[in-house]
Amino acid sequence: MIIAGIDVGSRYIKYAVLHKGVARFLREETGYDPLAVCRRLIEDTAPDRVLATGYGRHLLAADKEMATITEIKAVARGARAVFPSCRTIIDIGGQDTKVVLLKADGTVGNFEMNDRCAAGTGKFLEIMARALGFSMNDFGLRCETSQQVTISSLCAVFAESEVITLIGKGVRREVIATALHNSIVTRILPLVKRVGLVEEIVFAGGCARDACLQKMLTERLGKNVLVHDQPDMLSAYGAALCALD
Amino acid sequence: MSENYQEMWASLGLNLEAHQGLLSVLSDAYQSIYLSQKNRPAGMGYFDFVVSEVHGLRIVELLKDKAAGKLIVGTFCVYVPEELILALDGVSIGLCAGADVGTEEAEKFIPRNTCALIKGFMGFKLAGLCPYVESADLIIGETTCDGKKKAYEIFDEITRKVYVMELPNKKSDEGRALWTNEIRKLAQKLIEVTGREITLDKLREAARVVNAKRRALQRLSEARASDPAPISGLDALLINQISFYDDPLRFTSKLNELCDELDERVKHGTGVSPKGATRVLVSGSPMALPNWKLHSIIESSGGIVVGEEACVGERNFRDLLDAFSTVDEALRKMADRSMGINCACFTPNDERLTDIHNMSSKLHAQGVIHYALQFCTPYLVEAYRAKNSVEAAGLPFLRIETDYSLEDAGQLKTRVEAFIEMIRDVKRS
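In order, the protein sequences belong to chains A and B. Going by numbering that gives the first Met the number 0, the residue at position 143 of the first sequence is 142; the numbering climbs one at a time, nothing skipped. Going by numbering that gives the first Met the number 0, the residue at position 330 of the second sequence is 329; the numbering climbs one at a time, nothing skipped.
If you are wondering where the hints come from, they were derived from the structure by calculation, not from laboratory data. Worth double-checking, as some hints may not be accurate.
Said to hold, decoys possible - Residues from chain A that face chain B, not an exhaustive set, calculated with beta carbons under 8 Å:
(1) F24
(2) E28
(3) E42
(4) L58
(5) I68
(6) I71
(7) K72
(8) T106
(9) F110
(10) V148
(11) T149
Where a beta carbon is used, it is the ideal one built from N, C-alpha and C, also for glycine.
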């Protein structure tokens, strides 16, 4: 039997296929017609059962009468399967950020999400990387701490104008990159404090690929943070595992 | 609503074009949120009708009352004693404040960072969209929060109709004395404006009318304790919202008819959602008509709202006015009654935590969603203590901060769905 989980995110559609005990992960840009992308992924793999999650889950629910779960439950299930002693998940995706606290049995005990805007999310990093002429793939690796600067605004629009001011002052773009990463971590910490941190901690979502965010989060939490090698796949994987139940 | 009212709206000075726009948006929203619900009680037909005529037939009635010499009094808060207004042959109406209208107009006078409810009542008036404000002879405000009390200064400049009651900050003896005196002053004000006298008989009659309305609303609340719930949270919220607008005698009789139907449903185990649907208590800021946003999100996510610990809800009807034998005793009892309404504008306000606890257990709620309007500081801050208290009692708690706009609906839906999943997974394990 082939079981799949599909996570319709704001930037990428993540697809996990379970077949004979092996998990395969696929990823496509969401683009302007997410339903077409989902249909193609599903047709190509012909799963017996699929469960949808992510902000676009209701699109699929309406189109294919597909069962859905929220990305909160999905990421909890996925993270727990990969890291069995995980109790806190920090998930920074394209347009939202969530912190999920798991009970000892692995079910969701509490969660917090960012408010409506994109401050402190992957979209914010993407806009800033573009402003500084970096690619998203190595944005985190280019951070430098040779000089201390701070970005005080968490709003993507205002932060961009702060970046322009700093560039105008001759600050190196690698230093500005560090400040931008720092502002994201500053945004996450209150959410973490609200749910209450319990180890072990898993960092998930597309932004968990960013080496600088990984390092800063570890430093500022003062605790070890676990990252899967495909951290943005945990929700799709979790959805597939829930479909299996 | 038909063309017949154009002349009336024009005579009230409404902006006809914008008003027509508002009505068509409302009618679409009502269609998609209310009329699409399955298995509604037949008795909701009356309330559907009231909503469809909320700016029509009801205004015709008010203008008739006005022509007959009755005072039309607009209010914003459940601390204002309705009995007192009725005892002077007045009509008490809750004013329009539940939608994002006239925002640009309102922001000429008040800061952008003002709660949606305050912006709403300013906007409704300034954009010429509220026939109630225009029909009112007197508008009673109260010092419940900083935003409201400062906005009333401006609202009075615009309408020349505002009278503000001073609500204390503490439920102390001094606070009670202050509030009792404020009610006496309101009585005096109403006597002056109407030129009528307050008699014991009139007060008793008014108390009978308003207490009967409260009892009917209590019946509705009790029916919602059943599983499956015989009526949706959306419909119950609507009835609570309408209780501020409708003629109290007719409203009470129609609501009692509906409650008879609900009793039958309970007896036969008929519900609007399957038995075992996740039961949620909503607690927090008031939801003025037509603010149906949170209930609609909860109930389209598989939950059922079983109660509102809010001013548009339980706080409005939980306590009756006690019997009295003199006019002054009646005024004191009115003050006592309203001091039992546990609004977050008081400090300390531990009684509200007890109310949430009691309602959760009485209505068999499985989780509490705390609703605060953005910039509504008293509720936003009190959410912290509510959360600790609810979680200590072993119930899950979700904090929502939002306004009337729909731009965060997707985000809210994810949170609410995750909250319901969380409750279901607890039940399972």
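Each hint tested on the structure:
no., hint, in the structure
1, F24, "23 Å, violated"
2, E28, "20 Å, violated"
3, E42, "27 Å, violated"
4, L58, "11 Å, violated"
5, I68, "6 Å, holds"
6, I71, "4 Å, holds"
7, K72, "5 Å, holds"
8, T106, "5 Å, holds"
9, F110, "6 Å, holds"
10, V148, "29 Å, violated"
11, T149, "24 Å, violated"
Checked against the numbered hints above, the structure breaks hints 1, 2, 3, 4, 10, 11 and satisfies the rest.
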